Structures are given as structure tokens and as C-alpha cells.
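Undergrad: Heads up: the protein sequence lines correspond to chains R and X, in order. Residue 383 is where the first sequence ends in this note's numbering, and the numbering goes up by one at each step. Residue 384 is where the second sequence ends in this note's numbering, and the numbering goes up by one at each step.
Hint data in this document are derived by calculation from the structure and do not stem from the laboratory. Given the structure is predicted, the values throughout are model-derived calculations rather than measurements. The reader is advised that the hints may include incorrect statements.
[Unchecked claim] In silico BS3-like cross-links for lysine-lysine, where the CA-CA straight-line distance does not exceed 27 Å:
no.	chain 1	residue 1	chain 2	residue 2
1	X	K2	X	K101
2	X	K17	R	K383
3	R	K14	R	K148
4	R	K135	R	K101
5	X	K383	R	K378
6	X	K71	X	K304
7	R	K328	R	K124
8	X	K2	X	K14
9	R	K39	X	K13
10	R	K39	X	K14
11	X	K328	R	K171
12	R	K39	R	K350
13	R	K264	X	K19
14	X	K304	R	K171
15	X	K204	R	K265
16	X	K370	X	K101
17	R	K246	R	K135
18	X	K2	R	K171
19	R	K171	X	K4
20	R	K39	X	K383
21	X	K14	R	K171
22	X	K151	X	K204
23	R	K19	R	K383
24	R	K328	X	K383
25	X	K370	R	K135
26	X	K383	R	K171
27	R	K171	X	K101
28	R	K264	X	K383
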Amino acid sequence: MNLKDCHNYNDFRKLAKKKLPAPIFHYIDGGSDDESTLKRNTDSFNNYDLIPSVLNDVSNVDISTTVLGEKIDFPLFPSPTAMHRLYHHEGERASARAVEKMRTIFGTSTMSTVSIEEIGEINKGPKLFQLYIHKDRGLTDNLIERCKNANFTSMCLTVDTVVAGNRERDKRTGFTTPPRLTLGSILSFILHPGWTINNLIHEKFKLANIVHMTQKGSTIDKSVIDYINEQFDPAMNWNDAEYCVKKWNGPFALKGVMSVEDAKKAIDIGCTAVIISNHGGRQLDGSRSPFDQLSEIVDAVGDKIEVILDGGVRRGTHVLKALSLGAKACSLGKGYLFALAAGGQKGVEKLLEKMKAEIYRDMKLMGCKNLSELNSSKITLRK
Amino acid sequence: MKLKDCHNFYDFKKLAKQKLPSPIFHYIDGAADDEITYSRNTSAFDDVDLVPNVLRGVENVDLSTTIFGKKLDLPFYLAPTALQRLFHYDGERAVGKAAQKFNTMFGVSALATVSVEEISSMIDTPKMFQFYFHKDRGLNDSCLERAKAAKFDVMALTVDTITGGNRERDLRTGFTSPPKLTLSSLFSFATKPMWGINYLTKGKFELPHLQDFVKEGTSTNSSIGNYFSTMLDQSMNWKDAEKLCSQWGGHFALKGVMSVEDAKRAVDIGCTGIMVSNHGGRQLDGSRSPFDQLAEIVDAVGDKLDVICEGGIQRGTHILKALSTGAKACSGGRLYLYALAAAGQAGVERALSQYRAELERGMKLMGCNKISDLNRNNLRFRKK
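I would like the entire structure built from these sequences, with the hints used as guidance.
TA: Pasting the structure below:
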């Protein structure tokens with residue numbers, strides 16, 4: 001199997017599984033506890049059906065939209081995710097280039113393995129930086145400052161990781177960053193020599209944005225779980241969020257909002273958007289799926305703040321369903337990470353092209369010329 | 001597989017299966033008829049989703065709750081279960097010590113294999129005695145008196161075992177108490193020699209609360225279903241329950257209440273709590289799951305007595321969902337029995353610390369600092 005055999009999410013996932021040592025594949029693929037939220041995130045789309053209109057002359061379809069202050073070619077962008085160099089030796093360099101080419105927003109994580117400055121050089125398109133509030137508040141100011149200088153266009157604060165989720169697959173595989181050879185994982189690394197050789201001959205793995213501020217995650221073997229629990233501040237509150245909004249002074253989103261109450265508070269502190277998300281089912285298992293919760297949020301605040309749906313998106317029709325219920329755009333994490341692992345920059349480009357083509361085709365099949373024609377009349381809940 | 005490989009309920013179950021002779025494992029793991037209620041008890045939790053709040057400053061989380069006038073450090077306790085020395089030679093001694101360490105309530109069954117006196121001398125944290133209404137009134141009085149003398153805090157009368165459930169796994173494996181070697185079980189006992197050696201060498205198997213009165217299950221091999229059907233008084237009614245409640249004169253609960261009507265009568269006869277329970281799916285198959293039924297009961301009597309949700313709990317988030325619905329606390333049997341079978345006291349302690357960690361993490365991710373922050377606004381029931 002290689003990249004040309006990848007036609008959808010499942011194909012990219014399959015190829016990634018072949019290329020990656022097991023602990024790393026399962027770090028991407030896993031969720032928390034029983035993974036019931038992870039599964040529901042995608043399943044929830046199947047409870048709703050689309051209702052197409054016909055004979056509408058769809059020779060020209062415009063799927064561009066404006067979100068977080070930037071016009072993008074299609075209503076989907078890669079969520080900020082951590083540690084791309086674990087998945088492919090080019091890491092964020094590969095994904096940032098692919099996303100620039102596809103003219104959508106590139107999400108960069110605080111825990112990226114390529115620096116803010118270098119990403120600013122590589123990708124001149126719209127860029128979203130994802131911020132974690134560390135116990136060391138100086139680190140927060142420093143990150144915001146650097147993003148401004150590197151021409152990032154928007155910022156989001158992740159609010160659903162005050163403590164790390166219970167990722168049991170990582171406990172079994174012994175996943176750490178940088179990867180540590182344990183008796184249990186050594187076989188898997190040997191069986192994936194391509195990944196292992198690339199990891200060894202390229203530059204040393206580091207969390208490029210925070211390496212100078214903290215020893216954790218750079219030279220010491222740390223699981224992400226330990227990092228989150230030691231470094232992130234569980235005392236984080238609305239005042240801290242408001243401080244970041246003001247300090248950034250540009251398009252700002254809260255990532256991981258699930259309740260209407262919190263969405264309203266996000267408006268009060270001056271946010272541009274809320275990203276409805278449960279962190280890809282990796283945090284609170286049993287949490288509602290973003291798509292299940294979407295209508296409630298849109299009905300309450302959709303006219304005052306941009307609502308972005310994050311989680312479970314595998315298909316163009318999932319994006320159409322979310323937009324029909326009032327989301328402004330969608331984002332995805334696992335899908336493009338598998339593509340990155342499967343084929344580096346080319347893999348991410350291919351995945352995004354596929355998703356864009358699906359959205360484009362599905363708009364025609366829905367009889368819609370532009371995204372604003374998607375509304376609640378196009379979708380119905382299955383009884 | 002070892003104790004350190006156990007990260008959740010299912011791991012403990014797997015290890016317990018390795019360690020126990022199969023009739024004993026299936027006695028714990030099995031339930032009535034087609035086990036539909038057993039499976040629903042847990043899957044009911046999947047039909048409701050949690051909606052968290054964020055940015056609430058959650059560095060400190062208080063998991064304590066007060067039931068039956070006792071403050072527990074955890075919002076769940078160890079439900080009374082029978083015959084624990086069959087599962088591990090330390091039996092109730094192991095479970096009681098673990099419960100004390102975590103300062104939660106220890107439920108002791110009338111069919112316990114360690115006496116109330118010994119348990120009481122061993123642990124000073126809250127204790128519940130679970131009572132079966134026997135035909136032999138002398139036995140009933142003796143149970144109440146001994147539990148009272150041993151300073152038990154709560155008496156729970158089980159009301160859902162008026163006759164034995166149809167536990168078909170036990171019919172197939174030939175499970176009896178004490179274990180009887182049959183041709184079909186012999187192989188299984190022979191392949192788990194450690195269990196057999198411990199069982200034979202670590203003290204005689206006894207049912208100390210019953211042995212002065214009955215021979216069933218003590219020296220004669222008897223199935224539990226048979227015991228329920230022959231020893232318990234099927235004429236038991238509300239008057240009997242009321243009499244026991246006043247005879248006990250302290251916190252008194254009915255275990256196995258499922259209807260609103262019965263919950264209201266429990267209030268009327270002076271109960272201070274009820275366990276919404278179907279006996280872990282081991283009695284009436286097709287019975288509604290406790291979690292499915294919980295809201296109805298809480299709405300009717302939640303302000304008048306402590307409503308405990310019992311059955312199907314395998315995760316911290318299950319407890320959070322039950323508490324959000326209005327239960328005062330949760331309880332469960334299998335949630336610690338597999339761990340007991342897997343590694344005795346150390347196993348139960350590991351299981352309890354995992355549930356505690358799951359609860360603490362779940363509370364933080366929900367944006368809640370204390371149990372009373374949980375309410376139905378946190379929940380959305382899935383549309384079909």
C-alpha cells in the first residue's frame with residue numbers, strides 16, 4: 001500500500017499504521033477511557049441526513065468562506081496538533097507547506113516541534129496559534145509576542161486540558177516523547193525501520209517553542225500526560241483567558257467550549273470564535289460529541305460569535321452537515337496526522353485535496369452554489 | 001498478566017478470570033437469564049453525554065459526600081456482596097481494609113465469610129450490614145443484634161431476592177457454596193492450583209452470620225439461587241420492613257427498590273435511603289437499569305432520603321453521570337470483586353485509587369470543584 005492507494009480517512013489511517021511504530025500510531029489513534037466519545041464524535045453525524053435540492057444549475061460552486069478574519073478556499077482547516085516530527089521527520093514543515101498550498105488556515109500547537117518563527121517563514125498564509133496556559137505565565141506572554149512577530153493571524157486558547165485525559169493505549173504501549181525504547185516497544189521500532197532511521201538521522205526531537213523555557217519534553221523522557229499535568233495550570237480561569245484575548249488583540253478563539261453558558265462568556269471576554277470540541281475524544285470520555293452539541297450553541301450564540309466544529313470529521317458530508325446546522329467551518333486533527341505519517345507534505349496535500357473535492361462534489365449534489373445556502377432546511381434528524 | 005497491567009475494570013476482570021476456577025469466576029461475572037439487564041446496566045450510561053464547563057479554576061477538587069449521616073471521602077462505596085473468601089482467601093478482611101484506607105463505606109453481606117465482630121474490630125470507618133429476611137426469625141434477630149453490637153452504621157434490607165434469579169452460568173458450571181468438585185469443574189480447579197491451595201490452607205470457609213442457624217451453604221453445598229428460594233421468607237411485606245426499620249433504630253435502607261411507588265413507601269416507613277438496584281442484573285432479567293430509572297426516583301423522593309445508584313458502574317464518568325442526575329452516591333459489587341480476586345487487598349486498593357483518579361480527573365474536566373456542582377444541566381440525553 002502506498003499514497004496513491006489512499007482515497008479516504010481510513011486509507012490514510014491504514015497506511016499510517018504500517019509506517020509508524022505502534023506506540024506512536026496509537027498515540028494519534030487513541031482516545032480516553034473506553035473511547036466512547038471518540039467513537040461518538042463521528043457516529044453522531046450519522047443520526048442526521050442531508051436533503052438535497054435538484055435542478056439548481058450548479059456549474060459554478062463557491063466553497064470559500066471567511067473565518068477567524070481570513071478568507072479560506074474551503075471551510076475546513078487542520079486543527080493545531082502537537083509534535084508533528086514524531087509522525088514524519090519533516091514534521092510541521094511538511095504540514096505547514098501543504099496547508100499553505102491548499103489555502104486554508106494552518107493550526108500550530110504550543111507543543112510543535114518546529115518553532116513559531118520557522119513556521120512563519122515557511123507558511124505565508126493564515127495561521128492559527130494554539131496556546132496552552134502554563135503555570136509559568138511568562139511563557140504565555142512570550143508565546144503571544146513571538147506569534148505576533150511571526151505574522152500569525154489568529155490565536156486560540158485550549159480550555160479542555162486542565163488535566164490530561166486517561167489515554168489507556170499510551171499506558172499499554174509506553175508512549176513518551178521523545179520516544180523511549182522500552183522492552184515493549186523496541187520490536188515495533190525495529191519493525192518500522194523507515195521511521196526509526198529518519199528519526200535518528202534528522203535533527204534532535206524537541207518542543208521547539210518551549211524548549212528554552214523548560215527542560216520537560218526536550219531532553220527528559222516525558223509522557224505528554226506528565227507534561228500536561230506538571231506544566232499546564234489547572235487554576236486557569238476566565239480572567240486568564242480575557243488577559244490573553246486583550247494581549248493578542250486580534251481574532252481569538254476558545255478551543256474546547258461545550259456549554260452554552262461558556263460560549264456566552266466567550267463573547268463577553270471578546271472572543272471572535274468558539275471551537276466546539278472535546279479534544280478528539282482524548283480528554284473527558286462520556287463528553288457530548290461536538291456535532292450533537294452544535295445546534296444548542298449555534299441557536300444561543302451563532303449570530304454573535306463564529307462557531308467552529310472540531311472532532312469526528314472524516315468526510316465532506318460531515319462538513320456540510322455541520323455547516324447546515326450553523327457552523328462557520330470545521331477543523332480536523334487525526335485525519336491530516338495520519339496523512340502526514342503516510343506521506344509527509346504530499347500526504348497532507350492529498351488528504352486536504354480529497355476533503356476539498358468531497359465538499360465541492362457534495363455541494364453540487366446538494367444543489368447549493370455557495371455555503372450560505374446550507375441551512376437547517378437541508379438537514380433532518382433521523383427519528 | 002499482573003496487577004501492574006491493570007488499568008481499568010476490564011483488566012481486573014481479565015486477571016480475575018486467569019486466577020479463579022471458572023465456576024467461581026462465572027458466579028461473579030454471570031447474571032440472570034440472557035443477561036440483558038446486566039449488559040444494559042452499563043450501556044445505559046452511554047445514552048447520556050456530559051457537557052463540561054471550562055475556565056473555572058479546578059486545582060482543588062473535593063470528592064467527599066455525606067450519606068446516611070456519614071461523610072465519605074468518595075462518592076461511591078463498596079456494595080455488600082456474598083462469599084468474598086471464595087474470591088480471595090482474605091475475603092472481607094482485604095476489602096474492609098481497603099475501604100478504610102479510602103474512607104468509604106464497606107458493605108458487609110449477611111452471607112459474608114468474615115464475621116461482623118471481626119470486621120468491626122478491624123476497621124473504624126463507616127459500615128453497612130446487608131440483611132436478608134429469613135424464615136427463621138431467630139436468625140433475623142441475631143443478625144440485627146450482632147450488627148448493632150458491632151456498631152454498624154447502616155442496615156440495608158435487600159428486597160429484590162425474594163426468590164433466586166435464574167443464573168444459567170451457575171447451572172452450567174455447577175457452582176455451589178462451598179465449592180463442590182464435580183467432573184466438569186474438577187479440571188478448572190486443577191488448573192488454578194494457587195486458588196485451591198489458598199482455599200484449603202487459609203482457614204475454613206464459613207458463613208459466620210448463619211452457621212448457628214442453618215446448614216445450607218455452610219457445610220452443605222448449596223447454590224445461592226437455592227439458598228434464596230428455600231431460606232428466605234417470600235411472604236416478606238411492607239409491615240415486616242417497617243418493623244425491622246424500627247427494630248434497628250438507626251439509618252435504614254431498602255436495597256433493590258425500582259419503582260417510584262415503592263420509593264415513596266420507603267420514605268413512609270422511615271427509611272433514610274434506598275439503593276436503586278436490580279442486584280447487578282442477577283435477579284429479574286429485563287428489569288430496567290438503575291441509571292435509566294434514576295431520574296424518575298430522584299424527582300419523586302430525592303429530597304426525602306438518600307438515593308444510591310447501584311449497578312453497572314465501571315468508570316468514574318459513570319459515577320459523575322449518576323450524581324449529575326441526582327444520586328447521592330453510587331455503589332457496586334463487581335467494581336471491586338474482580339480486583340479482589342486479582343490481588344486481594346492490593347488489588348482492591350489499586351482499583352479504588354483508579355476510580356478516585358478517574359473521578360478527580362473527570363471533575364476537573366467537567367469544571368467542577370465539588371460534588372454538589374454536578375447537576376442535570378451537565379447532561380444531555382441522546383435522541384434516538
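Undergrad: Determine for every hint whether it applies to the structure shown.
TA: Evaluation of the provided hints:
1. With a C-alpha separation of about 22 Å, the suggested pairing of X:K2 with X:K101 holds against the 27 Å cut-off.
2. This hinted pair does not check out: X:K17 and R:K383 have alpha carbons roughly 41 Å apart, beyond 27 Å.
3. Restraint check: the Cα-Cα separation between R:K14 and R:K148 comes to about 38 Å, which exceeds 27 Å; the hinted pair is violated.
4. For the proposed pair R:K135 and R:K101, the alpha carbon gap of about 36 Å is over 27 Å, so the pair is violated.
5. Taking the CA atoms of X:K383 and R:K378, the gap is near 19 Å; set against the 27 Å cutoff, the hint holds.
6. Restraint check for X:K71 and X:K304: satisfied, since their Cα atoms lie roughly 18 Å apart, inside the 27 Å limit.
7. Our distance criterion of 27 Å between C-alpha atoms is met by R:K328 and R:K124, whose separation comes to about 23 Å.
8. Pair hint X:K2 plus X:K14 holds up; C-alpha atoms about 10 Å apart against a cutoff of 27 Å.
9. Using a Cα cut-off of 27 Å, the hinted pair R:K39 and X:K13 holds, with the two alpha carbons roughly 23 Å apart.
10. About 24 Å separates the Cα atoms of R:K39 and X:K14, which keeps this hinted pair within 27 Å; it holds.
11. Our distance criterion of 27 Å between C-alpha atoms is broken by X:K328 and R:K171, whose separation comes to about 32 Å.
12. As the CA atoms of R:K39 and R:K350 are separated by approximately 24 Å, the hinted pair is consistent with the 27 Å bound.
13. For the proposed pair R:K264 and X:K19, the alpha carbon gap of about 54 Å is over 27 Å, so the pair is violated.
14. Simply put, X:K304 and R:K171 have alpha-carbon atoms about 44 Å apart, too far for the 27 Å limit, and the pair is violated.
15. A threshold of 27 Å between alpha carbons decides the hint, and for X:K204 with R:K265 the separation of about 64 Å lies outside it, so the pair is violated.
16. Taking the CA atoms of X:K370 and X:K101, the gap is about 21 Å. The hint holds against a cut of 27 Å.
17. As the CA atoms of R:K246 and R:K135 are separated by approximately 19 Å, the hinted pair is consistent with the 27 Å bound.
18. In summary, the hint linking X:K2 to R:K171 is supported, as the alpha carbons are separated by about 14 Å, within the 27 Å threshold.
19. Of the pairs offered as hints, the one joining R:K171 and X:K4 holds, with about 11 Å between alpha carbons and a cut-off of 27 Å not exceeded.
20. Only pairs whose Cα atoms come within 27 Å are accepted, and R:K39 paired with X:K383 is accepted, the gap being roughly 17 Å.
21. With a C-alpha separation of about 17 Å, the suggested pair X:K14 and R:K171 falls inside the 27 Å cut-off, and the hint holds.
22. With a C-alpha separation of about 26 Å, the suggested pair X:K151 and X:K204 falls inside the 27 Å cut-off, and the hint holds.
23. Only pairs whose Cα atoms come within 27 Å are accepted, and R:K19 paired with R:K383 is rejected, the gap being roughly 42 Å.
24. Of the supplied pair hints, the one linking R:K328 and X:K383 holds, its CA atoms being roughly 24 Å apart against a limit of 27 Å.
25. With a C-alpha separation of about 23 Å, the suggested pairing of X:K370 with R:K135 holds against the 27 Å cut-off.
26. Under the criterion of a C-alpha separation no larger than 27 Å, the hint pairing X:K383 with R:K171 is inconsistent with the structure, at around 34 Å.
27. Restraint check for R:K171 and X:K101: satisfied, since their Cα atoms lie roughly 26 Å apart, inside the 27 Å limit.
28. Taking the CA atoms of R:K264 and X:K383, the gap is near 25 Å; set against the 27 Å cutoff, the hint holds.
Comparing the model with each earlier hint shows violations of hints 2, 3, 4, 11, 13, 14, 15, 23, 26; every other hint is respected.
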